[in-house]
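Student: Sequence:
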Amino acid sequence: MRTVLVADDDSHIRDVISFALRREGFAVVEAADGNAALTAFERDAPDLLVLDIMMPGRDGLEVCRAVRRGDHAARSNVPIVFLSAKDAELDRVLGLEVGGDDYVVKPFSPRELVARVKAFFRRLETLVDPAQKEIVAGPLRMDVDAWTVTVESRPVALTRTEFGLLATLAQNNGKVLNRETLMNGSYPGHRVVSDRTIDSHMRRLRGKLRRAGVDAIQTVHGVGFRLNLAATAAS
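Here this note's numbering runs 325 ahead of the position in the sequence shown, where the first position is 1.
To be clear, the hints were calculated from the coordinates, so they are not data collected in a lab.
Don't take each hint at face value.
[To be verified] Calculated lysine-lysine pairs in the DSSO-like style (CA-CA distance at most 30 Å, straight line):
| # | residue 1 | residue 2 |
| --- | --- | --- |
| 1 | Lys431 | Lys443 |
| 2 | Lys431 | Lys411 |
| 3 | Lys458 | Lys500 |
| 4 | Lys533 | Lys443 |
| 5 | Lys443 | Lys458 |
| 6 | Lys533 | Lys500 |
| 7 | Lys533 | Lys458 |
| 8 | Lys443 | Lys411 |
| 9 | Lys411 | Lys533 |
Given these sequences and hints, build the entire structure.
Tutor: Printed below as a string of structure tokens:
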């Protein structure tokens, strides 16, 4: 059974989300603020987080940063879905920049939220051929079962969305992929997202690979992106 952590200071919203998730067979852990969310994350090791951005104590963005850094437990690439009343594109991009995977604007349909959660888990199961346990491209190694990435044995911590993007690129090493192809291969439910959202994820992914010593993602202007592991390693 998959476990979802739902963190929101509004008890009614928590109740609605939790009821909808439990009805679909998920186990649910609830938290009323950011500090409680981090405690629950460390204690229960949930498979996905639903975080309200505007919470007392630590807000959802701070919780996300702590999870990605490993402040309260091992650094994690667990999927994170933000909830927010803010609908500006800048707010959405900020959520993605700190390590979020999805962003749902209030008011929202509980059915839609549950559908996105289910789509995340379907994507984890069907992202690659089940028989393919490892994706190898040059110095890049991706362990599909463990959801880990290494570059010449150096670990690279990625979010689930970044892992999906990199897997899609690595399986097509040397080929130019447009944003639609990347979205279909990397986003739950083949949901439509803006070019800026894809670009934000790609910018973070490129930066992580560069810090690991490989500058391999190329932007083909007007077309999309390509992974070219014959590219010169970053200095």
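Student: None of the hints should be skipped; say for each whether it holds.
Tutor: Hint-by-hint comparison with the structure:
1. Between lysine 431 and lysine 443 the CA atoms are separated by roughly 19 Å; this keeps the pair inside 30 Å, and the hint holds.
2. For the given pair, lysine 431 sits about 8 Å from lysine 411 by alpha-carbon distance, which is consistent with the 30 Å threshold.
3. Note on lysine 458 and lysine 500: the hinted pairing holds, with a Cα-Cα distance of about 22 Å set against a maximum of 30 Å.
4. Restraint check for lysine 533 and lysine 443: the C-alpha separation of about 28 Å stays at or below 30 Å, so the hint holds.
5. Proposed proximity of lysine 443 and lysine 458 is supported: the alpha carbons are some 22 Å apart, at most 30 Å.
6. This hinted pair checks out: lysine 533 and lysine 500 have alpha carbons roughly 21 Å apart, not beyond 30 Å.
7. For a cut-off of 30 Å, the pair hint linking lysine 533 to lysine 458 stands: about 23 Å separates their Cα positions.
8. Under the criterion of a C-alpha separation no larger than 30 Å, the hint pairing lysine 443 with lysine 411 is consistent with the structure, at around 24 Å.
9. Restraint check for lysine 411 and lysine 533: the C-alpha separation of about 28 Å stays at or below 30 Å, so the hint holds.
The structure fails none of the hints (numbered hints given earlier).
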